[in-house]
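Chains A and B, in that order, are what the protein sequence lines are. 93 is the number that our numbering gives to position 93 of the first sequence; each next residue is one higher, with no gaps. Heads up: take any position in the second sequence, counting from 1, add 152, and you land on our numbering.
No lab work stands behind these hints: they were computed from the structure. For clarity, every value in this text was computed on a predicted model and none was experimentally measured. Note that CB positions come from ideal geometry on N, CA and C, so glycine has one too. Possibly wrong hints are sitting among the right ones.
Here are the in silico distance ranges between beta carbons for each label pair [unchecked claim]: (1) B/GLY190 - A/ASP141: 14 to 24 Å; (2) B/LYS307 - A/GLY24: 39 to 49 Å; (3) A/ALA19 - B/GLY195: 40 to 50 Å; (4) A/TRP74 - B/GLU321: 30 to 40 Å; (5) B/LEU202 - A/CYS133: 23 to 33 Å; (6) B/GLY195 - A/LEU110: 30 to 40 Å; (7) B/LYS220 - A/PHE105: 43 to 53 Å; (8) B/ARG283 - A/GLU97: 17 to 27 Å; (9) A/GLU148 - B/THR319: 40 to 50 Å; (10) A/GLU142 - B/GLU292: 42 to 52 Å; (11) B/ARG283 - A/GLN31: 48 to 58 Å; (12) A/ARG23 - B/TRP284: 42 to 52 Å; (13) A/PRO11 - B/CYS264: 18 to 28 Å.
Chain B stretches covered by chain A per the calculated footprint, using a threshold of three residues with CB under 8 Å from any CB of chain A [as the list claims (entries may be wrong)]: (14) 190-198; (15) 218-230; (16) 239-247; (17) 276-282.
Sample of chain A residues lacking proximity to chain B, with all beta carbon distances greater than 10 Å (derived) [claimed, not checked]: (18) ASP40; (19) LEU50; (20) VAL58; (21) ASP62; (22) GLY95; (23) PRO106; (24) ALA126; (25) ILE131; (26) LYS135.
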Amino acid sequence: MIRRPRIQDVPQMLAIINARAARGEILPRSQNYVCQNIRDFCVAEEGGRLAACGALHVLWSDLGEVRALASQPWASPSIERQIVRALLDEGRRLGLERIFAFTYFPAFFLELGFAVVARESLPRVAWRECIDCIKFPAACDETTVCVELRKT
Amino acid sequence: MEFGLEQDSVGQRVAPPEVSVRPATVRDVEAIVELVNGYAARGEMLPKSLNQVYQNIRDFCVAELDGKIVGCGALHVLWDNLAEVRSLAVADSLRRRGIGGLILQELVSDACQLGMPQVFALTYKPRFFARWGFRMVERESLPRKIWVDCIDCIKFPQCDEVAVLRTLEAEE
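So that you can see chain A by itself, here it is in the shape it has in the complex (with noise of 0.2 Å):
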């Protein structure tokens, strides 16, 4: 089941996001993060637990961007793609245009529909936590994927 989160899933979800940050595979959040974006994010229940979580940030008017998707190692193999499509959902209800996010993999987000792009190509705004990261801009090493969402 995918729902909205309530403010006590803040620490499960936490637990979620930087078990993954610890494998170098997205940034780690802070509790500070997580509880100001809370509306930015949906989380999965399997078995009446938290399975996983991810979050769809509204940079602009046209512009997302999908951020701390994660999930529990038991988790169903589909809950990471269910939790995009639930965040993609979200853009369109928001009246996005396009969604875009800074990956390591690239091909999870080309079957739903992304494709890779251009970092250049995103407006500067999308840059916002770009340039805090260590790897800015020359070690940058993550692929820039974007999907226009009347295409989907």
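Given the structure of chain A, go ahead and fit chain B onto it with the hints provided.
Showing chain B alone in chain A's frame:
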């Protein structure tokens, strides 16, 4: 306008306006910024940039009348036990019609759904909030976390706003 909004011929206020309150989308952002910054220009609330509203769009709900945005408000989660009512604004021509109350009710219900134990606001209108179950508290009784916005305020620390707080019953 079809709604019984205008005053009748005797000059009495007629039935409450048929206003609907709904979650905001990116299409509402320019109207929200215009409303909030109108109040901000009079020193009644903090101004908001397009960027701030886009990035926190899910905090906002809007009041709509006849296809037009006539009010807005936001509920921002600050920490696991605290959320803040922000940017509550109603079009000047429609004030004192209960629209602010409708918006505040929506924000409080939002806080309940999120599982927040309490909601606060910093306001110049404590009596409005008192009608909706908020009580005045010492600003200093609120956690430091709330000062994140305050420290950049040109009035800080000579603040003349009043802190109001409402405790929510846990749902479930």
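Open item on the list: For each hint given before, does the structure comply? Return the numbers of the non-compliant ones in rising order.
Closed with: 1, 6, 8, 11, 14, 16, 17, 18, 20, 21, 22
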